[in-house]
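Position chain G relative to chain W; hints supplied.
Going down the list, the protein sequences come from chains W and G. Residue 333 in this note's numbering is what sits at position 333 of the first sequence, and the numbering runs on without skipping anything. Residue 540 in this note's numbering is what sits at position 540 of the second sequence, and the numbering runs on without skipping anything.
Keep in mind that a hint or two might mislead.
It does not matter which identical chain is used: a pair holds within one copy or between any two.
In silico lysine-lysine, DSSO-like type, Cα no more than 30 Å apart, as pairs [said to hold, decoys possible]:
#, residue 1, residue 2
1, K171, K456
2, K247, K421
3, K65, K168
4, K171, K539
Read the hints as simulated data drawn from the structure, not as lab findings.
There are 2 protein chains.
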Amino acid sequence: GTGTDNDLYINQAIVFIEDAIQYRSINHRVDSKSLWLYRWYYSRTCQWILSLTITIILALAFFEKPSSLTITSDVRYRPPAWNPPCGLTESIELLCFLVFMVDVSVKSYLIGWEEFWKNKWLVAYILTLVVSLIDWIVSLSFFCTEDVRIRRILRPFFLLQNSSMMKKTLKSINSTLPEMASVVLLLAVHLSLFTMFAMLLFARTKDGQQDKEWVGYFRNLPDSLTSLLVLLTTANNPDVMIPAYSKNRAYSIFFILFTVLGNLFLMNLLTAIIYNQFRGYLLKSVQSSLFRRRLGIRAAFEVLSSLREAPANAQQSYVSTEALLRVLRKVEMDSRCKQAITRSLKMCSCDQLSAAQFQKLFEELDKDAIKQHPPSPEYQSHFMQKMQFVFGHPYFGYLGNVVALANIVSICVVLVMDADKQPSERDDFFLGAINCFFILYYLLEMLLKILALGLKRYLSYPSNRFDGLLTVILLVLEIATFAVYGFPHPGWRPQFMGLLSLWDMVRLVNMFIVFRFLRIIPNMKFMALVVTTLLDLVKNLRAFAGILVVVFYAFAITGIMLFKGAVVPLGNIRHVAQFLPSARRGADYLSFGSIQIYRKKLHGCSSNCITWWCLLHLLSVNLICRWAKIYFVAWWLISSVIWVNLFVALLLENFIHKWDRRCHREPLSDIEYQRTVELMFRDVLEEPTEEELMEKLHQHPHLQLCR
Amino acid sequence: GTGTDNDLYINQAIVFIEDAIQYRSINHRVDSKSLWLYRWYYSRTCQWILSLTITIILALAFFEKPSSLTITSDVRYRPPAWNPPCGLTESIELLCFLVFMVDVSVKSYLIGWEEFWKNKWLVAYILTLVVSLIDWIVSLSFFCTEDVRIRRILRPFFLLQNSSMMKKTLKSINSTLPEMASVVLLLAVHLSLFTMFAMLLFARTKDGQQDKEWVGYFRNLPDSLTSLLVLLTTANNPDVMIPAYSKNRAYSIFFILFTVLGNLFLMNLLTAIIYNQFRGYLLKSVQSSLFRRRLGIRAAFEVLSSLREAPANAQQSYVSTEALLRVLRKVEMDSRCKQAITRSLKMCSCDQLSAAQFQKLFEELDKDAIKQHPPSPEYQSHFMQKMQFVFGHPYFGYLGNVVALANIVSICVVLVMDADKQPSERDDFFLGAINCFFILYYLLEMLLKILALGLKRYLSYPSNRFDGLLTVILLVLEIATFAVYGFPHPGWRPQFMGLLSLWDMVRLVNMFIVFRFLRIIPNMKFMALVVTTLLDLVKNLRAFAGILVVVFYAFAITGIMLFKGAVVPLGNIRHVAQFLPSARRGADYLSFGSIQIYRKKLHGCSSNCITWWCLLHLLSVNLICRWAKIYFVAWWLISSVIWVNLFVALLLENFIHKWDRRCHREPLSDIEYQRTVELMFRDVLEEPTEEELMEKLHQHPHLQLCR
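Same shape as in the complex, but just chain W (with noise of 0.2 Å):
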């Protein structure tokens, strides 16, 4: 009947303006029950429940056998880890197993069985599902005891597929793949001409005293390549040339050359390429999303349009005010963006609302708050208001910053005084006067811009936010150790007491000081672009940590299987404990300090590697060195190199755009910066097409359009 026509053409406008709002595609299923069902499964509670899956999931390798969670990393001194008993870890995997089945149940049935087939990322979610199941099967029927768990490896997928930022992202990088390889083979190139020069250059002499640089790094030609390899990274820079060096200064000639080429010209070059092939990035995904925006947008004014209440109209169609109106009340929107269109919906007074006018309504949604900081509170009495001109003078905040600044000086000072006495001899009097005297000050500054500024709008501002929660920390932290210790006196080094020492207190709230301090950043005006930068580079950057996180995770995950009792903790291994501790333990490739950690120790593998291990296990542990070594330089090929070179692009692609608008309007900036990426661009974007958008919507797979 018309009634239930008009109910989900209501309902088809809701979602696809939920979409525009989202940046979500609108080729979905629009019968009624799926449109129930799509705003069901992206509702909050089930994208949350999906989420703290895939979280549980790749968190359960922390706890997972070889489980790192001890306090030190020495193996020499860490107790063993809890070995969770064989069955608990499997349950909860298969609990997230279930989700993830219903959630590309639910997908694939939202995006129809023709698109399906099309979308490789659904059906590679549906293919790991498979084969960590059959993995799961087969580990529970060996009671945990099989070495080779493929579903480990696997688990970074369900956080990449869940994320179309992290997609888009990996298909920009797999653009970039060939221009990648063509450097990449060129860096090879230029390794394999150099090595066979310094394997010829190099060669083993008669004289053994002569050949020190033979004997040390080109014994032969894996021994020759690894070295020129870690050259390359810098990590044996100087001590690779030294023999040769030492022996005729016209060596160096071909160190340098080798540096000169392979660091300063191939490996920028790298720098360039990426660069190049990103520059436009950032605008390509901004305009393709608000692309997205406007057919949504689009495709609601078409469905509301086909409305029987509508008047039929040959040449345009409209959509009426009341129709848009009750759209509106049941959207999911932010409020102030909803008020807004209703004020202007209501203002407007036209019962008919052309494609045109439609669009125009929802351009609220890419307008930026004008943030309006509340009015400060009103004072009758004289004195009050010069008081408040005083304390809510930015003079007041300037004082402020170098009451902090002296606070920071007074402290380093006493450190510097303190730094070789022994623990004993330490008396904490000084800095505890100093410090209460300190915080006594921050508290009154506290008190004084509320009192100028009224609480509300003292709040408003995030520096006041920052400045005022750290300074209640410390009051906190200062009356606790009066409290326990009693009030600063001469000789106040009193013993161990409650939770933590006197000694921990006072540098607990000295570390809080200093953290305090960077309240002084907003109030220099480079620092303060750099940081917005910064920040804005980490709104950015989050679908390439998250394709990070994937690559970590693999590669932890694959250096557990593969160095997996390569270990053996005998006497003095003092260097492989030092080397492969982590590389045992799955997590700790998490941390970015492994990185350099396994960049440093590339060269050490191919050395104590030999020395150790060929001694205790002859070829096999051999054979595990080499996998070693391909591990280690793939793992400095892609997290080094490839990642930093990423991130570098980015970073000078933000900043460049940051810094030319910056130029460019310099009055505006001051008063409130616009922070969303589609904002940064706004200037540069193209408006859809009608056409455009009109094709797009024909080509939908599910919606059949009247006209």
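Below, chain G alone, put in the same frame as chain W:
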């Protein structure tokens, strides 16, 4: 009289056109004698003498007292270097100073006294000369025994002031300094805040076992600062965090945070800022060169139009063709251009030239010579024509590449097989026979190609020249080997004979073969692009390289003066010896490797200085150590951070331009690529307007134009 006036005008026009060709400023005296002096000063001989003088005065550092002209760099085995007698280098220096004095007087005279005082470079030049001369006199009056020689540090100034490109680049760098300083300030804040945090975190504890981190890296303020500064260079990366990390894994958060903020964000921000500032640098410099050229041509037009022979025309000025021909005959310029201009002048058949026509004639200067390869010989015989087709075909070149690759692979195989053999076990027969065969093939290939292309056409391709030269060298080496050692046969390993042993000869041949393999580069499209980018870059980098030489030189000389006698050759001072031999010997600084050595040993200084030297010299050496630290930090900042970033910026700029052009004009790029920077930017350059040119001409300090 009119005749002398006319001669003067002709001479002025000649000089202005030469200025235009060389992109020189036209703001110099224009009377007859000055013009003669000007042409003499800018003649090739004079400029060559000046360059030679600068080279000599810079090269003196290698021979002066702490000279480093020894083969080994190891202080233990090194024989005492040759020290020139007092007065030898000093008298050469005096000669150089005399040349510079002539140079500065001619330069000052030519630009005129009023202009002289405005030109800071000239004033600085004179000051430098005066200071150098005074220092020279002091030096001689002490019989060369004085320690501080200021004039050595001033020497690179002579290089700097002689190159207009370097002065321009320096100005550009100078304008980037405020932004760079901001980031460096930010880095300093970052470093100091984290140092305070570190000192609070890794404080001394009562339990001596627990504070390894404190003992090793954070004992006092300078130590902590150094540790974190070195962490910023990633030189001590895993080591500095290992003690804390093995105590508690959570401590790694501190180091990760520091590295991510400092290394990933702030350091790359520096790259972004420098790139942003240098984005327009190349374009701007090319634009100003174009302006100088147009201005010179226009000035020549104006003076020629004042010739009495020309008919007075109130509206517009004209130049007679005849006068221009007279000027052209005397101008020193590329003969190809001169011919082209004369030809088009004769073809034009008009008697008088307007300013626009005049300017247009000289646009020939901007054009690139389109290289025409000489034609192949035309053979009559059908067989020879077939031969020509076969061996002139690109596939024959590809076959040559494949053979070269096969040669490389065979050498590689032999190297791998021989890697662990004793020199006495080695048999050179296999390699000798193979190489003999391959070199014969190379010779054959060269001859056949010459047959097909003709000698002239063969030599007109750079890749063929490279190929042919190496083939000839290989042939000569091979013949020499056979002459001395006979033909290869099993057990071909005779003892040392003549200049080089057989083994060395074979190695030399192999190196040339590896080097010859580079001929594949032009055949791989992406490689060719990269290599041409690099070649362009090298051209644009000359100014940067000059500034780098200036900085290296100044640092080296400062290093010699600072660390003179700081190293006392005691028993086992291997560590110190590795660290400072080259700081003592200045010329070593000029090698790139040293940068890295100092970067690495920066931290070594803080620990080794204190353990070794402070035992020896107590207070005085401690002072030296602190100075050394400041010196090395300055060195790191300038050479590693700023210069490398400048390099990256230039590379990005060059590469992105090149890449864009490649994409836009794919079909053209095959024929002939344009080499000069001017041509690279031709599409985006703006022609200066008539008004700009005339305004500039009227500001000329010495030229009075009639109208």
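Structure versus earlier hints, numbers of those that do not hold, lowest first: Violated hints (numbers, rising): 1 and 3; every other hint is consistent with the structure.
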